[in-house]
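Visitor: Chains as they are written, first to last, in my numbering: chain A, 1 to 337; chain B, 338 to 613; chain C, 614 to 980.
Source of the hints: derived by calculation from the structure; they are not laboratory data. It is possible that some hints are incorrect.
[Stated by the list, open to error] FRET-style restraints, in silico, Cβ to Cβ:
id : chain 1 : residue 1 : chain 2 : residue 2 : range
1  : B       : L366      : A       : E39       : 35 to 43 Å
2  : B       : L366      : C       : I733      : 41 to 49 Å
3  : B       : F357      : A       : L323      : 53 to 61 Å
4  : B       : R507      : A       : P285      : 50 to 58 Å
5  : A       : D119      : B       : L376      : 45 to 53 Å
6  : A       : E39       : B       : A425      : 53 to 61 Å
7  : B       : A425      : C       : S647      : 36 to 44 Å
[What the hints assert, rightly or not] From the derived model, a few chain B residues whose C-beta atoms are all more than 12 Å from chain C:
id : residue
8  : A347
9  : E374
10 : W384
11 : R431
12 : S518
13 : P569
[Unchecked claim] Selected chain A positions facing chain B (Cβ under 7 Å, derived; list incomplete):
id : residue
14 : A69
15 : S181
16 : G210
Ideal Cβ placement from N, Cα and C applies to all residues, glycine included.
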Amino acid sequence: MSLINRRGLLAAGLALPALGARAQTTQMTAAVYPGGWDEALRAVLAPRLLQQHNVAVSFDPLFAVDQIAKARAARGTPPFDVFVLDPGPRVSGMDLGLFETFDPARLPSRAVLPTGYADTVGAAVAAQVVGIAYNPQKLPKPAGWRDLFQPQYASKLGLTGFGTTFGTISLIEMAKALGGSETNMDPLFAELRRIKPSVAAVAAPAAMPGLFQQGQIDVMYTNTYTVTLLRSRGVPIAFAVPESGAAAFVTSMHIAKNSRNIAAAYQYIDAMISTPVQSALALDPYFFVPVNKDVTPGADVPMRSISEITNFVTHDWSRINPLRAGWISRFNREMAG
Amino acid sequence: MNNAGVWRLALPLGLAQLLFFAAPLLILLSTSLATDENLTQGSLRAWREVLGDAFHIQSVLNTLRLGALTVLATMLLAVPLALVHMAAGPRVKRLILIVAVLPLLTSVVVRTFSWIVILGREGVINSTLVASGLATAPTALLQTEPGLILALTQIEMPLMLLPLIAATARIDPSLLDASTSLGASLGRTLGRVVLPLALPGLIAGATLVFASAATAFISQSVIGGGRLNYLPALVWQQAMVVFDWPLAAAMALTLMGSVLMVVGALNLLGRNARHA
Amino acid sequence: MLDATPTNLGHCLDMDGVRVRYGQTLAVRDVTLSVAPGEILALLGPSGCGKTTLLRTVAGFIQAEAGQVLVDGRAIDHLPPGKRGVGIVFQSYALFPHMSAAQNVAYGLEARGMPKAEIIRRVEASLAAVRMESFGARRPAALSGGQQQRVALARALAIEPAILLLDEPFAALDRSLRLDLQLEIKRIQRRFGVTCVLVTHDQDEAMSMADRMAVMRAGVVEQVGPPTELYDTPATAFVAGFVGTTNRLHGRIEARDGAGYAVRLDAGATVTVESPRGFDLGARVMLCARPEQLTLRPPEDTDPGAWPARLRLSLPLGPALIHDLEAGSAEVKIQQPRHGAPPPPGDVRIAILPGAKPSLFSEGDSA
C-alpha cells in the first residue's frame, strides 16, 4: 500500500463519522439469497440506496425457506426489514402473516412494472424463466418435458425434488405433459419410478450445477440464470424452451411485519426496480431477468421484455403449497434405494 | 480448595450449560410432542410417523450404517498411517501430521464439492480407469454409498488419525524393543502390544468419526444425492421446506438418540479397554 | 535351568572392534571387550559415552558399522534381536502395561510357540525365582518400582537367554531400595549362571554388582578390570576421577627415585610416588590421591613430605571422619577412621599416608 493510499484511507476513516453527523443515515436490514443475489445487491443496489436516500442497508444472506423459518422463530420481532422470496415461500409468508400490508403507491418507480407486479403483499423485483438445460455437445435439443423420459435423456438426467420453486414447477410441468395436472402428480411418479434405475443423478438442488459442470449429468431442469452463469464459465450448456412453453415466476420483495424502517424499506424496493439498477443487474456477471419494462433481458432469456411474461406458463401457489409437503415426502420415498 | 468451593466455581458454567444446552433440547422434545410448533396441543403424531414408518426406520438404519462403514474405512487407512508415524523420524512425523491436519483447513463444503470432481462420471477416478483400460465404461461412484463413504473417509480422516496418533505417540518405544527382543514377530508386536495400547485412541477416533459422518448433512446430500436417505437431510427438509416442525423435532431426537447410543457403546468399550 | 539346581554353563560374549556411527559422529569407537561365562561386566561412564549404544548393538537394535559381536565364538550380527538369545531389562522396565505380570513373563514364551502347559510351568518358576509368585495376576501399574523390576527380570530370564543385558536397571528406583535389589539380582544371576552386561552411570552400582568394570568415555573404553583394580590403579586421570573420589594435586617431577619419582607439589611439599608410567624430569604432573590415602598432621610437623592446609570442617560419617580442607587454592578431602572427638578447625598439615599408593598422571592428561 502506498503512502498516498494510506493517507487516503485515513482521511476516509476520519471523514466517515463527520458524514454521519451531517445527515442522519438510516440503517436497515434486508434478507438476500446467498451467492449471486448477495453479490449483486451489495455491488449495485446498496451504493445507489446510500447515495439517493442516505439509507445504509446491511444484508442477511438467507435462502427463502430460511427467511421464513427465521422470521417465524423470531415471533413478532423481525430479524430483517425486507424479505426476498419465490412464489411458494411468498404464499407461506402470507399464510403465516409475516408481511406488512404493501402499498404500491409508495413506490415512485411503480410504472416500470407490468400490471399486477406490485400488490398489497409486495412487489416483484426479478423474474425467473424455467425450462430444460442440456449439453448441446452430447444431446440433441429436447422438444419438451416428455423427452426427458426417453432413454437417451433419462440416462443423462439430473433429478431434483419439490424442495425448490424451480424444481416444483418443472415437475408440475412434467406431470401435466404426462397427463396429470397442477394438483395430480400420479402420472409423473409412475414415470419417475420407471426411469429411476437409469437416471444419472437424484441430487440436492444446490449440487445440480456442479454435477452438470462435471459431466455427471447432461440434462436438467433449471432457470436461465444458471444456464447463463455456467456458460460464462465455459460449460457447454444451452437452454431449451419446452413445446408447452417455458415456465416463469417472479421473485418478490416484502416488508416484514412490525418493521421499524418501513420508509427505508419502500426506498430499498423502489431502488431495486429502478431502471439503472435493473439494467446493471441484467448484465454480466449477475444475469438477472429484469421485471422493469424498460430493460431488455439477456440473450438466454426467451423474451425481449417482461411484458411477454404473459405468454409463459405460471402457477397458482395457493393450490400448490398445501400439496407440496406430500409430494416432497413421496419423492423421497419413490427415489430411495 | 474444598468441595463447596469447586461447586461455587462450577455453578455459573453449569447454569449456562443448562440454559444453552438443556433448554433447547427441552423445547425440541416438547415440539416433537405437539401438533404444531406453537405447542397448542399435545400429539404423538410425529413420533408415530417416525417410528411407525418403514421408510423412516430405514433412514435411521442407513444413517447408522453410513457412520459405521465410515469408521471402518477411516480405521483401515489411519492405523497403517499411525504406525508409519510411530516408526518414522521427526521429519516424516511432522509431514504426516501436516497431511493429517491439512483437510481441516479447508471447509467441509469445499471438500465435498471437490469430491464431485473426483467421483463424477467424467471425474478423475473414472477417466483414469477408462484411460488405463481397467474399465470400459464409467462406473457409478457419485450418488452411491461406496462413493459417499470414500469421500467421507477423506473428510473425516483427521478425526480418526489425530486421536490415534496421540495414543500411539504415548507408547513407550522400549515396549517395542522389549517385544522384539523377546522374539515376537512384527505382527505379534503390532497385534499384542501396539494395537491394544492404541485402542483408547482408536475408540476416541471412532466416536468422533461416527458422530460426524452420521450427521454430515452437506456431504450426505451433495455426494449421496436423493437416492440415499439419511436423517439429517430429512430433518432439514421437514424443518425448512415442509415446515413440519414436530416431525423435524422427532426426527432430530431420533438421530440424536441413535447416534448417542452408538457413542455410548463405544465409550463403554473404551472404558473396558483402559481397564482390560 | 529355572529349577533350583544352579548351573555354571554360562556363555561367553565378545565384542570385537565394534564401531557405531550416528551420522557424522562415532558413538562407539572400535571397542573390544570380552565377558566370561557367568560374569557381570559393568559398562560405566557419563551420559553420552556410548555405553547404551554398545548395549543396544549387542541386543541387535543397532547395526555396527564395523566389528563383530560374538556369543560363544559365533557372530550374531546378522541375527534379529529376538534370535540372539539375549534377554534385556530396560531402564523403564518396559513392562506391557495392559498385561498382568504373568502375561508379561509368558510373552516371550508364547512368541516362541511353546506349549501352554510348559508356558504356565515356566512362568510360575520365573516369578518364583524373583519372589513374585503371588503377584502374577497384577498389572504393572499395581506393582511398586522394585516389584516391576523383578517382573522385568523374570520376563528376561524366562526365555533362558545366553546373555542378560541390564540397561540402567536401578535408575528409576529409590536409593534405599537399590542395594537390596542389586544384591538380589546378583544372587539370581549367580544362580542362573547367566552372562551379564550392566550399563550404568552410577559407580557405586557398578562396584557392588560387577565382576569387572569397563569405564567408557567418548566411545572408547579407557580401562577394564575388576572394580578394586580400577579404584586402586586407575589407568587414566578420567578413570581416577570417575571411579571413587580423588584429590588432584599439581606438581613437577623433581627427581627419579628408585621405582618412583620425587614430586615437588605446588602446595609446598616433596613427596615420593611410585608409578608404572615414565615422566621426564621437570614435567608437570597431577597426583591423584584418594581421601583415605591422605592423613592430617599437626601444624608444627616438620616432615618435608607434608604441606600446610586449613581444616574447615570435619564430618562424622558412620565409622569414618571426612575432613574438608583448603590447601592454597585447592580443596582437599581426607577420610580417616574415627577415633574420639573430631579435631578443631584451623591450621594443619597434610601428608600421604605411609604405604598408600596414589596415582601419578601427566598434567596434559585431561580429566
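Visitor: Each hint should be assessed against the structure and marked as holding or not.
Guide: Hint by hint, here is what the structure shows:
1. Distance hint for B:L366 and A:E39: a CB-CB separation of about 40 Å, consistent with the stated range 35 to 43 Å.
2. Against the hinted window of 41 to 49 Å, the Cβ-Cβ separation of B:L366 and C:I733 comes to about 57 Å, which falls outside the hint.
3. As the Cβ distance of B:F357 to A:L323 is approximately 38 Å, the hint placing it in 53 to 61 Å is violated.
4. The supplied range of 50 to 58 Å is met by B:R507 and A:P285, whose beta-carbon atoms lie about 53 Å from each other.
5. For the hinted restraint 45 to 53 Å between A:D119 and B:L376, the CB-CB distance of approximately 34 Å leaves it violated.
6. A:E39 and B:A425 have their C-beta atoms about 46 Å apart, which leaves the hinted 53 to 61 Å range violated.
7. A beta carbon spacing of about 38 Å between B:A425 and C:S647 agrees with the range 36 to 44 Å that was offered as a hint.
8. Distance check on B:A347: its Cβ is at least 30 Å (rounded) from any Cβ of chain C, clearing the 12 Å threshold; non-interface status holds.
9. Chain C leaves B:E374 outside its interface by the beta-carbon criterion, the shortest separation being 52 Å against a cut-off of 12 Å.
10. B:W384, annotated as away from the interface, keeps every beta carbon of chain C farther than 12 Å; the closest lies near 44 Å.
11. Distance to chain C confirms B:R431 as a non-interface residue, since its nearest Cβ pair spans about 19 Å, more than 12 Å.
12. The non-interface label for B:S518 is inconsistent with chain C: the shortest C-beta to C-beta separation is roughly 4 Å, within 12 Å.
13. For B:P569, the shortest C-beta to C-beta distance to chain C comes to about 38 Å, beyond the 12 Å cut-off, and the non-interface label holds.
14. Because the smallest distance between the Cβ of A:A69 and any Cβ of chain B comes to about 6 Å, under 7 Å, the interface hint for this residue holds.
15. Nearest Cβ of chain B to the Cβ of A:S181: about 22 Å, over the 7 Å cut. The hint is violated.
16. Hint status for A:G210: holds, given a least beta-carbon distance of 5 Å to chain B, under 7 Å.
Violated hints, listed in ascending order, are 2, 3, 5, 6, 12 and 15; each of the other numbered hints is respected by the structure.
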